[in-house]
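**Q** Which chain is which? The protein sequence lines are A and B, in order.
With the UniProt record's numbering applied, the first sequence corresponds to residues 1 to 581, in that order.
With the UniProt record's numbering applied, the second sequence corresponds to residues 1 to 581, in that order.
One should not assume that every hint holds.
A pair counts as met if it fits within one copy or between any two copies, since identical chains are not told apart.
[As the list claims (entries may be wrong)] Below, computed lysine to any residue pairings styled on SDA-like, alpha-carbon distance capped at 20 angstroms: (1) Lys128 with Asn36; (2) Lys359 with Gly196; (3) Lys567 with Asn82; (4) Lys408 with Gln560; (5) Lys567 with Asn78; (6) Lys408 with Ser570; (7) Lys408 with Leu571; (8) Lys498 with Val33; (9) Lys349 with Pro224; (10) Lys349 with Thr262; (11) Lys311 with Thr494; (12) Lys498 with Glu346.
Everything labelled a hint here was simulated from the structure, so no lab data went into it.
Computed from a prediction, not measured in an experiment: that's the story for all the values here.
Chain by chain, the residues run as shown.
2 protein chains.
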Amino acid sequence: MTDELLLQCRKSQAMVLTLCLIGVLLVSSAEAVVHNLTWEISYQYKYLDCYKKLSVAINGMTPGPEISAAEGDTIIVNVINNLLMENVAIHWHGIRQIGSQWSDGTDGVTQCATMPGDTFTYQFVVDKAGTYMYHSHYGMQREAGLYGMIKVSPRAGESEPFTYDGEHSIVLSDWYHSSPYEQATNLTSIPYQWIGEPQSLLINGRGKYDCANLDATVCNATNPECLRSNFTVSPGLTYRLRIASLTSLSALSFQIEGHNMTVVEADGNYVAPFATQNLYIYSGETYSVLITANQSSSRNYWITTNVVSRKPATPVGSAILNYIPNHSGDDPSTIPPPGPLWNDTESRKAQSASIKAEKDHIQSPPSTSDKTILLLNTQNTFQGRTVWSLNNVSHSLPDTPYLIALKKNWTDVFDQAPAPESYDQGYDIYSVANNTNAISSTSIYRLTFNSTVDVILQNANTMTKNDSETHPWHLHGHDFWVLGYGDDKFNLSTDGQKFNLVNPIMKNTVPLHPYGWTALRFRADNPGVWIFHCHIEPHFLLGMTVLFESGSEMVADPPQQNMGCGKTKSLIMQQPSSVSP
Amino acid sequence: MTDELLLQCRKSQAMVLTLCLIGVLLVSSAEAVVHNLTWEISYQYKYLDCYKKLSVAINGMTPGPEISAAEGDTIIVNVINNLLMENVAIHWHGIRQIGSQWSDGTDGVTQCATMPGDTFTYQFVVDKAGTYMYHSHYGMQREAGLYGMIKVSPRAGESEPFTYDGEHSIVLSDWYHSSPYEQATNLTSIPYQWIGEPQSLLINGRGKYDCANLDATVCNATNPECLRSNFTVSPGLTYRLRIASLTSLSALSFQIEGHNMTVVEADGNYVAPFATQNLYIYSGETYSVLITANQSSSRNYWITTNVVSRKPATPVGSAILNYIPNHSGDDPSTIPPPGPLWNDTESRKAQSASIKAEKDHIQSPPSTSDKTILLLNTQNTFQGRTVWSLNNVSHSLPDTPYLIALKKNWTDVFDQAPAPESYDQGYDIYSVANNTNAISSTSIYRLTFNSTVDVILQNANTMTKNDSETHPWHLHGHDFWVLGYGDDKFNLSTDGQKFNLVNPIMKNTVPLHPYGWTALRFRADNPGVWIFHCHIEPHFLLGMTVLFESGSEMVADPPQQNMGCGKTKSLIMQQPSSVSP
Numbered sequence: 001m002t003d004e005l006l007l008q009c010r011k012s013q014a015m016v017l018t019l020c021l022i023g024v025l026l027v028s029s030a031e032a033v034v035h036n037l038t039w040e041i042s043y044q045y046k047y048l049d050c051y052k053k054l055s056v057a058i059n060g061m062t063p064g065p066e067i068s069a070a071e072g073d074t075i076i077v078n079v080i081n082n083l084l085m086e087n088v089a090i091h092w093h094g095i096r097q098i099g100s101q102w103s104d105g106t107d108g109v110t111q112c113a114t115m116p117g118d119t120f121t122y123q124f125v126v127d128k129a130g131t132y133m134y135h136s137h138y139g140m141q142r143e144a145g146l147y148g149m150i151k152v153s154p155r156a157g158e159s160e161p162f163t164y165d166g167e168h169s170i171v172l173s174d175w176y177h178s179s180p181y182e183q184a185t186n187l188t189s190i191p192y193q194w195i196g197e198p199q200s201l202l203i204n205g206r207g208k209y210d211c212a213n214l215d216a217t218v219c220n221a222t223n224p225e226c227l228r229s230n231f232t233v234s235p236g237l238t239y240r241l242r243i244a245s246l247t248s249l250s251a252l253s254f255q256i257e258g259h260n261m262t263v264v265e266a267d268g269n270y271v272a273p274f275a276t277q278n279l280y281i282y283s284g285e286t287y288s289v290l291i292t293a294n295q296s297s298s299r300n301y302w303i304t305t306n307v308v309s310r311k312p313a314t315p316v317g318s319a320i321l322n323y324i325p326n327h328s329g330d331d332p333s334t335i336p337p338p339g340p341l342w343n344d345t346e347s348r349k350a351q352s353a354s355i356k357a358e359k360d361h362i363q364s365p366p367s368t369s370d371k372t373i374l375l376l377n378t379q380n381t382f383q384g385r386t387v388w389s390l391n392n393v394s395h396s397l398p399d400t401p402y403l404i405a406l407k408k409n410w411t412d413v414f415d416q417a418p419a420p421e422s423y424d425q426g427y428d429i430y431s432v433a434n435n436t437n438a439i440s441s442t443s444i445y446r447l448t449f450n451s452t453v454d455v456i457l458q459n460a461n462t463m464t465k466n467d468s469e470t471h472p473w474h475l476h477g478h479d480f481w482v483l484g485y486g487d488d489k490f491n492l493s494t495d496g497q498k499f500n501l502v503n504p505i506m507k508n509t510v511p512l513h514p515y516g517w518t519a520l521r522f523r524a525d526n527p528g529v530w531i532f533h534c535h536i537e538p539h540f541l542l543g544m545t546v547l548f549e550s551g552s553e554m555v556a557d558p559p560q561q562n563m564g565c566g567k568t569k570s571l572i573m574q575q576p577s578s579v580s581p
Numbered sequence: 001m002t003d004e005l006l007l008q009c010r011k012s013q014a015m016v017l018t019l020c021l022i023g024v025l026l027v028s029s030a031e032a033v034v035h036n037l038t039w040e041i042s043y044q045y046k047y048l049d050c051y052k053k054l055s056v057a058i059n060g061m062t063p064g065p066e067i068s069a070a071e072g073d074t075i076i077v078n079v080i081n082n083l084l085m086e087n088v089a090i091h092w093h094g095i096r097q098i099g100s101q102w103s104d105g106t107d108g109v110t111q112c113a114t115m116p117g118d119t120f121t122y123q124f125v126v127d128k129a130g131t132y133m134y135h136s137h138y139g140m141q142r143e144a145g146l147y148g149m150i151k152v153s154p155r156a157g158e159s160e161p162f163t164y165d166g167e168h169s170i171v172l173s174d175w176y177h178s179s180p181y182e183q184a185t186n187l188t189s190i191p192y193q194w195i196g197e198p199q200s201l202l203i204n205g206r207g208k209y210d211c212a213n214l215d216a217t218v219c220n221a222t223n224p225e226c227l228r229s230n231f232t233v234s235p236g237l238t239y240r241l242r243i244a245s246l247t248s249l250s251a252l253s254f255q256i257e258g259h260n261m262t263v264v265e266a267d268g269n270y271v272a273p274f275a276t277q278n279l280y281i282y283s284g285e286t287y288s289v290l291i292t293a294n295q296s297s298s299r300n301y302w303i304t305t306n307v308v309s310r311k312p313a314t315p316v317g318s319a320i321l322n323y324i325p326n327h328s329g330d331d332p333s334t335i336p337p338p339g340p341l342w343n344d345t346e347s348r349k350a351q352s353a354s355i356k357a358e359k360d361h362i363q364s365p366p367s368t369s370d371k372t373i374l375l376l377n378t379q380n381t382f383q384g385r386t387v388w389s390l391n392n393v394s395h396s397l398p399d400t401p402y403l404i405a406l407k408k409n410w411t412d413v414f415d416q417a418p419a420p421e422s423y424d425q426g427y428d429i430y431s432v433a434n435n436t437n438a439i440s441s442t443s444i445y446r447l448t449f450n451s452t453v454d455v456i457l458q459n460a461n462t463m464t465k466n467d468s469e470t471h472p473w474h475l476h477g478h479d480f481w482v483l484g485y486g487d488d489k490f491n492l493s494t495d496g497q498k499f500n501l502v503n504p505i506m507k508n509t510v511p512l513h514p515y516g517w518t519a520l521r522f523r524a525d526n527p528g529v530w531i532f533h534c535h536i537e538p539h540f541l542l543g544m545t546v547l548f549e550s551g552s553e554m555v556a557d558p559p560q561q562n563m564g565c566g567k568t569k570s571l572i573m574q575q576p577s578s579v580s581p
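For reference, chain A alone in the conformation it holds in the complex:
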């Protein structure tokens, strides 16, 4: 808000400039604000990529509205479920929910999903400036478009380690024409039916599917809903682009024809600036990049995003960088930049490794950890189904949310045996996975409160020869330090020595690259039970999840609105019906 006002001031006539700046100061010094939002969730037909698809909308919008607030503000969202027969739960991705664990919005963990006709009120403080997002955390509902951006500006009077003249929000997503139900049915069928690559990539909910040979009632290339997004810039000014990836499946590269990007923020943490032509971004990540509109204003420029890490079958997604005075958002006559090769893994690993904390915003990690958990990521077969496992355990969510079960001391809700903290060190990560002893479990990791925990994500070959995928792992309730990435199998004695303890970036989502490892450290300092999972929607569905509990005894009792499913029904009072007054 302040930045936008400043930009407006710059554009003002000199005679009103002083008045304008006073206005900005008044806004800047305002107290923390309570944003009280009411969202009605419904199904709507959308033509996001010109193809007609039933989408989940918030107040009619897919993607949903952006939440814009300042550090310290309180966000209240009254979510009214009007989905006819389908429940809903919304997660506020990147918001740590300190003191508001019951608003994490994670079905099976912090709440029962909200039934049609019911309302759930989420309330939390956005306690750290940065770029975040929200999305459904229920079944595969996110795939249907229930997501959007959360933009948090610094607290009044505080500044960021970079400046800019204006900003734009850019939500990247991939788009399937099949429904979450169709996808989940395929993914859980015996034999396994892979859902294939998405049909389109969307930039702020707009893509271009090829409507040739399709009836105009099904696919309409001229539908205004699929007009390319365009982002207007004034020559010479510098812009912050807040970029979030909410893809269901795809890892992406993002680029702007003729413009370098300087990465300055990642997942709400300031990054030691570095320039790049291609921003790699994985599902669940956010970045801010700065661009300067320093090219000829006689034309517009392509913005593109393309699939990496998987062999693409999805066309490049595109939008327009619209130079003033080219207000019309015309397509450039140039060829859109195709982005890097999908299998240029080294380039992706290099970018991951180059993301460090900005020098004045380094939060030093504890020098040692109290516990190290190794997580071997494998694809397995379990009871005929193809699943994903950690240390041979494919996770399933219990019918009763974990945090409620823990508060109520219900030991029959989930497997009380601890989840395995390591795997057979003789495992060959280059062999085709054939873990015939994989199991399905609801078990969790219980961590000492305030202890420091290292997690070493270890990649491996899938069930396909010479194939190892990229998994973006997302932790709820915490940021973690990214201590390092490496190839091959992690060696605790030697690789641990190379951890970056000087200026590691903190993030909430981090990629695990093919045949490699990623090392994280976090303080278990947020009471509750928090899910840590691959942010690829099909992988999450198929068990690529673990849970970390610590200090849950300090969490307040569960609110009524979080209950209604599973064993929580046993808490419904059986007193006799009241009599008429």
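Mind docking chain B on chain A? Use the hints.
**A** Relative to the frame of chain A, chain B by itself:
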């Protein structure tokens, strides 16, 4: 069971006949049985009409398994919801649920829908021999295939007023390729988007969509799931066909090439037998007909069903009457009977009027009623949406089930003002409906317990010129006497004189014919709150519903499993969390 055994006995060699009949007697004299069923509800891809569609299945089957029991048996169905993100509720259509109101399975009335991962246990007694069915009673879920037949044979030692050598069950339905979510989104959109006619008619879940020009992965004419159903008969024997219609939209005619049918049962009540070539059957109705395999056994015969009342855009559905020894189920070389003209309304009205109680099974109605409720059926516009109304009220279900609200004396759950018992008698039923003062309400009719109530359903013109539809009205919790049908506007003083009080059939579902009226009488002798609604799924969704309450104070307190939604969450105890043992 007994009939099938008898049939087997007849086919037995003489030397084992005596032994066989002893076995039948043993079975016949068995005590009432408890049938404990476990049903897992899931989405599955089915090719019911050769076209691939995501369907709701019970233990993998769409339609679901037949429930076969004897009068007095107890049915327990443990319904496990594995629908990923969608809730479920199952209604036992025609079962009056005497003493088991909480098992009626009606979302918004007797229960909160059951969430994914949860189990709901329905328990009820099948207290009357006859043909019934079950189906989803939640949103538009029935459209996705969640339905099946309930067959109740007479109590041991009791006989029916007809005999037969064998029997077959025939579930008729229509089939859309769109999902319930797509349909509901269209139907509730502004402007109104009509969903069109179904793509296929199914006989026991099998139809034939024209796969020409479609990819074999989408439509496969040779998929075994869409092989025509065939019903095997032995020459000279007589068969009972139990026929149920679970269509979403369509009124049907049903016929068997070269064979007359004798109607002997309707909705679980014995009918004074009459012969017909075409059985008209409306959604929510069941009939038993007798046929004798008295045609040449040198070939098979077509069974067909076709749309009536609406101008058809759906091909005739077909199955095979397979004469022994023609075991292969070969298609006859003849042309399938097309059925009667869709707009032969007189023929349909004549058949409705000809259905009377079998002479030895007449249950005489009370000679007078304590109350008469007139219900004018109109299509209206309400807040830009196209809806259906009764006396200008388009019904909406509350978020908290009625019966729970009544038991808890929650007066804020639904509109406490009584629903209107009549309409403006000056209303011209032939004019295009333009009831600009239509309202939406949750109001109900509260009836004196054990009182006798007449309901006069009055049809009218829709919002389309010269159009009046057929509405099959279904009452939960009761059978009613069908006192008469008539054309034009019902005249209380003259038409009431013509009521059939001598041998009216009792039914639970009855058609209201175009521009006509239908008169019912029932005893409000089943404590609870019961829904009475048009059984056309889109009409139900759009408000064509009323509620009758009587004696709900006699109903037991709501079980925990029926709760979890709306205001029932306020009953969740807020006691402090338990401590570890």
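**Q** Hint numbers the structure violates, sorted upward?
**A** 2, 8, 9 and 11
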